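Protein chains in written order, with our numbering: chain A, 1 to 150; chain B, 1 to 227.
Just so you know, the hints here were simulated from the structure itself, not pulled from any lab data. What you are looking at is a predicted structure, and each value in this text was computed from that prediction instead of being measured. Among the hints, erroneous ones may be present.
[Unchecked claim] Computed, partial: chain A to chain B, Cβ under 10 Å:
1) Lys53
2) Asn79
3) His103
4) Tyr105
[Stated by the list, open to error] Coverage of chain B stretches by chain A, computed from C-beta distances (three or more under 8 Å per stretch; other residues unrestricted):
5) 81-91
6) 174-188
The beta-carbon is built from N, C-alpha and C at its ideal position, and this holds for glycine as well.
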Amino acid sequence: MINEEKYIDTISNNNSLSVVQRANNDDLFDTNSPFGINEESLATSTGFYTESKGKHIQTFSARVLDWDDYTVKVELLINRDEKLYQVRMFPIEMFEGTRFLQHGYFIRILFFVKKKNFTTQIEDGRHFVSKDDFPEFDIFEGLDSKLFKF
Amino acid sequence: METLKVIYEIKYPRILSFREFYKPIINPYFLYPSAKYAIGNEGTHQEYIRLTFEESKYYLVFTPDTISFQYEGSIQDLLKDGSHITTVFEVFRKLKESTHLLKISSELLEMFSFKDYSEDFVNTFVQKSKIDLFIDEPEDYAIIEEGSIDNYKCFLQYGPFKSSKDVKSYNLFSLDSLKKLEYSQKNGLLINSKLYSTDLDSVNKKTFIDITNKNLELINKVIAKYD
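Looking at chain A on its own, in the form it has when it is part of the complex (with noise of 0.2 Å):
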């Protein structure tokens, strides 16, 4: 195909197509040479992981409800925009050491894919969580009780 920036000039002569010759960059439409991505700029790794897992293919905001012996009960927000949640039982394990154990306490799930494997990590999402993520519902709301005072 044509580089834009290269690009001839090919006016059809069939009425049915509309060839049209680029119009001046529009600064909304420029997507190309973003940024260094086509430079030879060099990347600094971050430093923390280097060891592969395999693809990182999703990330999810949760927040640890509870927990026993064996499991942790987590709240994952699944879609932000359809207030869309679910709870999902991960082993105790994954917490061992962490100081996620908490009510409440924001956490970030990773899921990995490679060949034969399927990870799953947990990492502090306190930085990446907000607050309205995870909204606390008053139960107790436009109750209208006797005995006790809300």
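Since the structure of chain A is provided, determine the placement of chain B on it from the hints.
Relative to the frame of chain A, chain B by itself:
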């Protein structure tokens, strides 16, 4: 049809104080696997950061007027819940929290799509497009259309895929050398489609899905013509 590359951008009016606060927004993503970063125009009011996630095959570029996400893979991957596109909306939301009254200038989706055809696709393209040639020995062809569809401005360019030129011109497979090799022998139709909208109050996964569907509609129409 295969999507070779997806570019999704949110543009906003230039923020002069950008370099004073972008680092805390982007820093949490440093813990993503194999993340790399490069800072451009360092020390100026045009400073920006580019994150590269090589294993996940995408770049995230955060500048004083744009969040640009560039993925080398299928658009279908990005439509799933929890996909990497969510990062764009997270970053934009944090940016809005840091700079009140931030407006959206535009939302843009550009896709490079490929449809495999036999070796003589160049001739098929010329015949089916009914192009009259003015050059005796033409080497390459493309049809360009610009205009509007619904609320989107669009740019569409399609023509025979020429690996030797197109891979470099459009910076395809920069994170996937195996695919680059695979495509060096392929023949087919390359479609570059860009859609953008300026009439937006918000950007989110839903607006992304809408612009994607419109873009796919356009691509499928082009493919149908050459099938």
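Status of each hint after checking the structure:
1. Lys53: holds, 6 Å
2. Asn79: holds, 5 Å
3. His103: violated, 22 Å
4. Tyr105: Violated, about 16 Å.
5. 81-91: holds (count 8)
6. 174-188: violated (count 1)
Of the numbered hints listed earlier, those contradicted by the structure are 3, 4 and 6.
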